[in-house]
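Q: Below are the chains, spelled out letter by letter.
There are 2 protein chains.
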Amino acid sequence: MPYHILNRESVLEYVRGHPLFDTVFYPGAALESQEISDGNLNLVFRVYERGGERSVLVKQALPYLRVAGEGWPLSKARAGFEARALEQHHLAAPGRVPQPKWFDEEMAVNVMEDLRRHQVMRAPMVARVQFPGLGRTVGEFLAATLFATSDFALLSAEKKRLGTQFVNLELCELSEALIFTEPFYSRPSRNRYSSALEAEVQSLWADAEVLAQVAYLKLRFMTDTQALLHGDLHTGSLMATLPDAQGQCDIRIIDPEFAFFGPMGFDVGLFMANLLLNAVAQQGHAPNLEQRQTYRRYLLEQLALCWRSFESGFLMRFETASNPSWLEPGFQKSFLCSVLQDSVGYAGCEMIRRTIGFAHVLDLDSIPDELERVKAEREVLELGRALIGSHRKIESIDVLERIVVEHLQLEVLL
Amino acid sequence: MPYHILNRESVLEYVRGHPLFDTVFYPGAALESQEISDGNLNLVFRVYERGGERSVLVKQALPYLRVAGEGWPLSKARAGFEARALEQHHLAAPGRVPQPKWFDEEMAVNVMEDLRRHQVMRAPMVARVQFPGLGRTVGEFLAATLFATSDFALLSAEKKRLGTQFVNLELCELSEALIFTEPFYSRPSRNRYSSALEAEVQSLWADAEVLAQVAYLKLRFMTDTQALLHGDLHTGSLMATLPDAQGQCDIRIIDPEFAFFGPMGFDVGLFMANLLLNAVAQQGHAPNLEQRQTYRRYLLEQLALCWRSFESGFLMRFETASNPSWLEPGFQKSFLCSVLQDSVGYAGCEMIRRTIGFAHVLDLDSIPDELERVKAEREVLELGRALIGSHRKIESIDVLERIVVEHLQLEVLL
Chain A
1 MPYHILNRES VLEYVRGHPL FDTVFYPGAA LESQEISDGN LNLVFRVYER
51 GGERSVLVKQ ALPYLRVAGE GWPLSKARAG FEARALEQHH LAAPGRVPQP
101 KWFDEEMAVN VMEDLRRHQV MRAPMVARVQ FPGLGRTVGE FLAATLFATS
151 DFALLSAEKK RLGTQFVNLE LCELSEALIF TEPFYSRPSR NRYSSALEAE
201 VQSLWADAEV LAQVAYLKLR FMTDTQALLH GDLHTGSLMA TLPDAQGQCD
251 IRIIDPEFAF FGPMGFDVGL FMANLLLNAV AQQGHAPNLE QRQTYRRYLL
301 EQLALCWRSF ESGFLMRFET ASNPSWLEPG FQKSFLCSVL QDSVGYAGCE
351 MIRRTIGFAH VLDLDSIPDE LERVKAEREV LELGRALIGS HRKIESIDVL
401 ERIVVEHLQL EVLL
Chain B
1001 MPYHILNRES VLEYVRGHPL FDTVFYPGAA LESQEISDGN LNLVFRVYER
1051 GGERSVLVKQ ALPYLRVAGE GWPLSKARAG FEARALEQHH LAAPGRVPQP
1101 KWFDEEMAVN VMEDLRRHQV MRAPMVARVQ FPGLGRTVGE FLAATLFATS
1151 DFALLSAEKK RLGTQFVNLE LCELSEALIF TEPFYSRPSR NRYSSALEAE
1201 VQSLWADAEV LAQVAYLKLR FMTDTQALLH GDLHTGSLMA TLPDAQGQCD
1251 IRIIDPEFAF FGPMGFDVGL FMANLLLNAV AQQGHAPNLE QRQTYRRYLL
1301 EQLALCWRSF ESGFLMRFET ASNPSWLEPG FQKSFLCSVL QDSVGYAGCE
1351 MIRRTIGFAH VLDLDSIPDE LERVKAEREV LELGRALIGS HRKIESIDVL
1401 ERIVVEHLQL EVLL
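Protein chains in written order, with the working numbering: chain A, 1 to 414; chain B, 1001 to 1414.
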C-alpha cells in the first residue's frame, strides 16, 4: 500500500486489510480506534475490538516532526530503525518491550502490543509516584541489550553486519546538534531558556574545560560503536503499570527509533540524567521538604540500582564470551569503569540540554512558580556541569552517589 | 568480463580489451608483461609498451591467500576496498599514492600507476638505506588522510555514508585474530616462534595487566570509527626511489586493502612499530656498533618526525573545522594525546605479533645468526610489552623517545 497518512478512520481499514490481521484479532471483529499521539515525532493509534479484549498499537512515522509540522522535515525511515531495534530488544530482553506484531516499510508503520494498563512514566514521576524495581529493571534491560549487540556477544562480522542496519543518519545528526552542539554555543542554535538564566548560560559557554569534555563526549557519540543503543532512554520512553497490591509493577522500554551503534554510557547516562532532572525539579513540585527528600532518596536509589544491576548483569554475561580477550578480569573492570564515566558525562550533557536547549522536560517546565522553576534550572545546570567536569575521575558508583547527595543536600535524611 | 585468474598472457588481452586502454597507452601499442607478485595476498603484473615509456600495474585479488594457496580462502571483495581507499587517499594526499587508473569489480582488478623507479622499503631498510623525509612524509600523509575522512572534516551523514563503503569484514577479522588475539593466547592460534622464546612467551601470556590492555586496544580497533585507516601501514606498504643527487626521494603509500574506519593511532602505531622492529633487528645485521647506532638514530628521528608532522598537520587542519566543538583547544590537545597513546599501544601489539604471531617480518627473519635472531626477538618482545604497559601514561612524543633511547642504549651517541 503506497504511503498515506493515517487517521482514525483509515487506520481501521489499514489494519483490517493487512495479511496479519487475523494473527491479532478475531476474524470479522468490529474494530474501533483512538488517536493517542503523545511524543514529538509520530502518529499513534490504538485499534481495539468493540467490547473485546484485544487491541494493538499502530505507530506511523510522518515525513516531518509531528510537533513542529511540515516545516521540519524528517525522513520516515525512522520507522524502520524502530522496527529493527524493537526486534533486537525483544530478542535480548523479551517481555521488556512491547511485543512487535508487524512492520510495514512502505507505510512507515509499526504495529505492536498495546500497553493499555501502562502509562508513560514521566508525568507520574513528576507527581512522585514510586515505581518499584525501576532502577533494577532498566539496569537489567541495558545489560541484556547492550551486551547482546556488542562485540562481546557477536562475532566480529555479525556485529558489523548488524551495524549496517542501523546507520541512523538523520536522528544521530539531530542528537549531535541538540545534545552536544547547540546547548554549548550561542550559534547556530535552537536553544530556549529563560532570560533569568543568561548569566549561567554565559558562564557555561565560557568554560573551556567543560566545552572540551563535551566535544570529546560528542566525538565518542559519533564514532564509538560499542553496542546497539536505545538512543533516547529518558523517562518518556518508559511505561509502567501502577504498583499492584504486592507492590509490583510491569515496566517496558518503548520508542527506540533513535537506535544506533554508539557508546553504552549514552543509554545509561540518559536514564540517570532524567532521574536527576526530576530530583532537582522536586523543589518546585513537592509541597514540603520531607516529601521532596523522600522522593529524591527513592530516585537516587534507583539510579544506583540501575548501575549495579547493569554492572552485575554485564559481568555475568562476560563469562559467556567465547573470545579470550573479553575474559580478562582487568579488561572487564576497566571497561565497566569507562562505561560508568561515560554515563556520568552523558548524564551531564543531557541535564544541560534539557534545561537550555531546544527540547525541554515536563519535570522543569511544569513547575508552577517561575522563580522556583528558574532556581531548579540553575541547579540542574550546576549539577550537569559538575558531572561533565568530573566524569573522568569517577571510579565507582559510590562517588557519583556522594556527589548527588551533596548537591541535593540529602545527608541528614540518608 | 566474468572473473578469471590472470596470467602473463591473459593480462595483455585484458588490458588491450578494456575501454580505458587508450587513456593509458598509445593506440595499437605492442604490450608486454611481467609478473611481480610480492605481498602475501594478490597477483601483480607490470604491463608495458615494448620499448616505450608507458606502463601500468595490474593488481588482481585471488579468491584465496596467494602465499597460503586455495586452502585459505579470502574474498576477492578486498580489491574493492583497495580501490575505494586508494580513491580517498588520492583525493586527500594526491601524489602520495599510485595514481589509480581503473577498478574492475567483476575481475577484482585495480589498474594503477606503475612505480618503476620505486622499490618497497622494507628490504633496503634492513640494509640500512636512509630515505630522507620518510617520517615527515608518512606523518603528513596520515594527517591528510585521517583528518579528511574523520568527523572533523566531513558532515556527520557524509562520514557515516562513507563508512558504509568500508565494512571490511574479512580483513578486519584477520587483523583482530592475528594482531590482537592469537599472539597473546596459546589457543586458538597460528603462532610461529622459536622454542628458545618459550619462557618469554609464557611470561607474556601470564601478564594479566598487559593482556587487559591488549583487550582494550582490540575493542577500540573493533569499535572506534574515528577515520578511514590504511589498515596495514608497515614498511612493506611503502615504496621509495633511492635518494637522488640532492638527497631527495619520492615516497608512496601502497596497498590499502585493509582499509576500514578505525582508531587513528592504529595507522600511526603500525608505522612506528616497523621502525622499531628494524631498529632492534639491526643488532643482527649491522657489522659494527657505530653503524647500528647511526641507523637507529635515523629511525628514531623518523619516528619522532612522523609524529610531529602528523600532529602539526592535524592541528593546522583542525582550524578549518566548521563545527565549533572541534575548535576547542582543550579538546584538540586531549584528542591528539589520546591518538599518541593509542599509537604507542598499537605499536607494542604489532611488535609482538610480528615476532611470535603468524606473519613475521624480514627484519627479524633474515638475521643470519640464529642466536642473534633470538636475542633480537627477545628484545622486541620486551620493548613491545613495555610500550603496551605504559601507553596510557605517555603524554608526549619526548617520553616515547626517552623509552626507546633507553631500550636501545642510544644515550652515549645521541
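Keep in mind that the hints were calculated from the coordinates and are not lab data.
Take these hints with a grain of salt, some might be off.
[To be verified] So the derived list for chain A, only partly shown, Cβ under 8 Å to chain B, looks like this:
no., residue
1, 154
2, 157
3, 173
4, 198
5, 200
6, 201
7, 203
8, 205
9, 216
10, 224
11, 225
12, 308
13, 309
14, 311
[To be verified] Result set (DSS-like, lysine-lysine): computed pairs, CA atoms no more than 30 Å apart in a straight line:
no., chain 1, residue 1, chain 2, residue 2
15, B, 1393, A, 393
16, B, 1375, A, 333
17, B, 1375, A, 160
18, A, 393, B, 1333
19, B, 1101, A, 333
[What the hints assert, rightly or not] Stretch by stretch, here's where chain B covers chain A in the computed footprint (C-beta under 8 Å, at least three residues):
no., stretch
20, 162 to 170
21, 177 to 185
22, 317 to 331
Think of the CB as a built atom: it goes at the ideal place given N, C-alpha and C, for glycine as much as any other residue.
Q: Look at each hint and say if it fits the structure.
A: Consistency of the hints with the structure:
1. 154: violated, 10 Å
2. 157: With a closest approach of 4 Å, the residue 157(A) hint holds.
3. 173: With Cβ-Cβ at 5 Å, under 8 Å, it holds.
4. 198: violated, 19 Å
5. 200: It is violated, given that the least Cβ distance between residue 200(A) and chain B is near 19 Å, above 8 Å.
6. 201: Since the shortest Cβ distance to chain B is 15 Å, the answer is violated.
7. 203: violated, 16 Å
8. 205: violated, 10 Å
9. 216: The hint holds - residue 216(A) has a Cβ within 8 Å of chain B, the shortest such distance being about 6 Å.
10. 224: holds, 5 Å
11. 225: With a closest approach of 5 Å, the residue 225(A) hint holds.
12. 308: It is violated, given that the least Cβ distance between residue 308(A) and chain B is near 22 Å, above 8 Å.
13. 309: violated, 23 Å
14. 311: violated, 17 Å
15. 1393(B) with 393(A): Satisfied, since the Cα-Cα distance of roughly 15 Å is no more than 30 Å.
16. 1375(B) with 333(A): Outside the cut-off at roughly 35 Å; violated.
17. 1375(B) with 160(A): violated, 41 Å
18. 393(A) with 1333(B): Measuring from Cα to Cα gives roughly 18 Å; hence the hint holds.
19. 1101(B) with 333(A): violated, 50 Å
20. 162 to 170: holds (count 5)
21. 177 to 185: Holds, because 4 residues of the stretch 177 to 185 of chain A bring their Cβ atoms closer than 8 Å to Cβ atoms of chain B.
22. 317 to 331: With 8 residues closer than 8 Å to chain B, the stretch 317 to 331 of chain A meets the three-residue bar; holds.
Figure legend: structure checked against the earlier numbered hints; hints not met, in rising order: 1, 4, 5, 6, 7, 8, 12, 13, 14, 16, 17, 19.
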